[in-house]
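Visitor: Since the structure of chain G is already known, use the hints to place chain X on it.
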Amino acid sequence: MKNKESVKVRVFRCTPENGEDTGHYEEYNIPYEAGMTVLTALDYIYEHIDRSLSFYYSCRIGKCLGCFVDVDGKPVLACTTLLKDGMTIGPHKKHKLIKDVVVDFREN
Amino acid sequence: MTDTYKNVLETDVLVIGSEGAGARAAIEVAKNNMKVLVATKGVFTKCGATLTADMDIDVPSKAAKEVFGMDGGNPEDDELNMMRDMFMEGKYMNNEEVVWTHCSNAAKYVKELVDWGMRLDGLIQSPGHRFPRGLISTGRSMMTALKREVKRHKIDFAENTMITNLLTKDGKAVGAVGIDISTGDFLVFKAKAVVLATGGAMRIYPRTTAPEELTGEGMIMAFKAGAELVDMEFPLFLPACLVWPKSMLGVDLSYISSTVLGGWWLNKYGERFISKWDPKRMEHGTTRDIASVAQMIEILEGRGGPHGGIFVSYKHLPDELLDWSAKWNPWWANYMYGGFKLSDYNMDPREVSYEAAPAAHYWNGGIRVNKSGETNVPGLYAAGEVQGGTMGANRLSGNAVTEAVVFGAVAGGSAAKYVKDMKQPDIDKEQVKYYYENLHAPLNRNNGANVVEVRRKIQEMAMKYAGPVREEEGLKILLENIEKIKKNDIPNLSCSAKGKIYNREWFQCLEADAMIKTLEVVARASLMREESRGAMYRSDFPYTDNENWLKNIIATYKDDKVALETRDIKTSRVDLPEKQKIPYMVPEWEWAQKGGLSTKEDE
Chain G
60 MKNKESVKVR VFRCTPENGE DTGHYEEYNI PYEAGMTVLT ALDYIYEHID
110 RSLSFYYSCR IGKCLGCFVD VDGKPVLACT TLLKDGMTIG PHKKHKLIKD
160 VVVDFREN
Chain X
2 MTDTYKNVLE TDVLVIGSEG AGARAAIEVA KNNMKVLVAT KGVFTKCGAT
52 LTADMDIDVP SKAAKEVFGM DGGNPEDDEL NMMRDMFMEG KYMNNEEVVW
102 THCSNAAKYV KELVDWGMRL DGLIQSPGHR FPRGLISTGR SMMTALKREV
152 KRHKIDFAEN TMITNLLTKD GKAVGAVGID ISTGDFLVFK AKAVVLATGG
202 AMRIYPRTTA PEELTGEGMI MAFKAGAELV DMEFPLFLPA CLVWPKSMLG
252 VDLSYISSTV LGGWWLNKYG ERFISKWDPK RMEHGTTRDI ASVAQMIEIL
302 EGRGGPHGGI FVSYKHLPDE LLDWSAKWNP WWANYMYGGF KLSDYNMDPR
352 EVSYEAAPAA HYWNGGIRVN KSGETNVPGL YAAGEVQGGT MGANRLSGNA
402 VTEAVVFGAV AGGSAAKYVK DMKQPDIDKE QVKYYYENLH APLNRNNGAN
452 VVEVRRKIQE MAMKYAGPVR EEEGLKILLE NIEKIKKNDI PNLSCSAKGK
502 IYNREWFQCL EADAMIKTLE VVARASLMRE ESRGAMYRSD FPYTDNENWL
552 KNIIATYKDD KVALETRDIK TSRVDLPEKQ KIPYMVPEWE WAQKGGLSTK
602 EDE
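In order, the protein sequences belong to chains G and X. Quick note on numbering: our numbering labels position 22 of the first sequence as 81, and the sequence is numbered without any gaps. Quick note on numbering: our numbering labels position 581 of the second sequence as 582, and the sequence is numbered without any gaps.
Excised from the complex, chain G in its bound form (with noise of 0.2 Å):
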């Protein structure tokens, strides 16, 4: 893929205290830079077109392991996955969901 061109990507939304609590995928255009993974996506859309999208990180360099979301029904890195043009992102299923794509990491 090219410097420039945009890919489109699909990311779980879900605003519990809405009281909408099955959400839905809302699809996003991204303008696409070599090297760009799923979270510097995350990271863009939160920047550049909606501040309500809720995502988890810490290192961003795949160590502390916060940044687990689903990439096409498989759980991944957000930091060190690729980003491909069409994917799906969205959270980790095996947790209980807080936002988005942020899930109840804790066990405290």
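Do not rely on the hints blindly, as some may be mistaken.
Here are the simulated lysine-lysine pairs, DSS-like style, with alpha carbons at most 25 Å apart [unchecked claim]:
| # | chain 1 | residue 1 | chain 2 | residue 2 |
| --- | --- | --- | --- | --- |
| 1 | X | 501 | G | 152 |
| 2 | G | 143 | X | 66 |
| 3 | G | 143 | X | 247 |
| 4 | G | 153 | X | 247 |
| 5 | X | 152 | G | 155 |
| 6 | X | 342 | G | 133 |
| 7 | G | 155 | X | 247 |
| 8 | G | 155 | X | 342 |
| 9 | G | 67 | X | 152 |
| 10 | G | 153 | X | 152 |
| 11 | G | 67 | X | 501 |
| 12 | X | 501 | G | 155 |
Hints in this document: simulated from the structure, not taken from any laboratory.
Guide: Coordinates of chain X only, in the frame set by chain G:
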């Protein structure tokens, strides 16, 4: 306001921050049979700087051999020698009693981690150390060991919890307030003592090796509660961190691999510019302060690459050697870095050079503590990176984790002793009310400043004017801009998203206040220090001035203003250098050994 006291949590010791220093402090409090609660902005063992360390943990080399059974450990080294090296490379800004606690307790508390299950993979001698002192392990292995102890002591946690302010009563720390990020609930913590273990503030810079959440609230909440900050002009930069691709911004692969393997740092003319600064040690052996300054000057003077970095190249090495290194060099084992497969990112070192630049790495300064981890505010303790005084003007590789574990234990122990037999102190309801309103203001405000833009503005000017290379004019421009942001943007921040559950925009608004205040202290202290030392280089004063500047700069917060004063460095066991001006680029140890500037003719 009706929900102000809906969530009140009471404990003996509140620990803020959950990883290396925080977890260790909590364990020490629990060991002393006091109640402890850990509040952390992220999720335990999924946040903080400790986990990012692929690390060396320093102990005296003698202990590496005798206590940890490492063959390479040298019995000629001891605690005092280690302290001297920390002073030499910390350019004498260190606090002697704090460094002594660090060095003389390192082996004891690191051994404890090993007994709790931390893996050791070997011993290395990092640049600036005269002996091999770095026990090799990983942050993950260390946190797994600490987690086991945390579970054993059944320690209580408040995770996804952002503390914004400390509560004080009669000048003493008596608790804190914040939000539960996952619900948006306001939280009031009542405590007899507070231990801050919140790490540094490297996120005030756009390029950093540090995790997302290190935005400086810990230091600023202590500052506002009356604590002194010290050495704030010395944020440490790690040289040669990636500037490209964006997803790998700040990754230290290119630095570590160039010191381990002998990568070359080249400007756009292909010159190995480090030869101007440290001709003997070159890329392989120079310290991080000098390397960062050297790289930044190449970049600022227009000799960098298209993405604003210098080039790190391994292409002088044969492929066979690189392939062999991918077998033994853990930093790019099988040409992977962490979870990044290098070829996927067009980052295979056999094919390309890397574009890299200094990235904020560690906070040398911080909250001033004494040898027991106490701040000048009764009931308030600080441990780990958030404390100042251990590293002085430059940290040697491997000391950050040692500091976290030693001072976690020390501060936790001091806090436990302090709260014993103490009654639960009252909190000041006026304070709580004031913080409640402040904290909710960005949610209630409409069409104000956009936090994404404000944050970017802060980070960009921090790197431009308060990066590894600074000068008077730039610092004055920076301070003018800081005043504008403090006046126009911070009190006007508003959230476009109004939901309270996991509202990223909301907690970033609260972070922005700490970021700008941290940067202000950095800028004011940098302007005051008219010399170059350790991690701070003033291009208008390009020498280390041991005649006038063997002094710490201490910052206090008075009437919403930053006040600075200087204090002379005092030591009893470490000899201070001669009172004279010396060129910045000369490594202290070489200066001391030779009694003069080394030149090419000496070789």
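Visitor: Now tell me if each hint is right for this structure.
Guide: Here is what the structure says about each hint:
1. X:501 to G:152: Given pair residue 501 of chain X, residue 152 of chain G holds - Cα atoms ~23 Å apart, limit 25 Å.
2. G:143 to X:66: violated (50 Å)
3. G:143 to X:247: Holds: residue 143 of chain G and residue 247 of chain X sit about 16 Å apart, inside 25 Å.
4. G:153 to X:247: violated (30 Å)
5. X:152 to G:155: holds (22 Å)
6. X:342 to G:133: Within the cut-off at roughly 18 Å; holds.
7. G:155 to X:247: violated (31 Å)
8. G:155 to X:342: violated (30 Å)
9. G:67 to X:152: Violated. Residue 67 of chain G to residue 152 of chain X sits at ~43 Å, over the 25 Å cutoff.
10. G:153 to X:152: holds (22 Å)
11. G:67 to X:501: Violated, at roughly 28 Å.
12. X:501 to G:155: holds (18 Å)
Hints 2, 4, 7, 8, 9, 11 from the list above are not met by this structure, while the remaining hints are.
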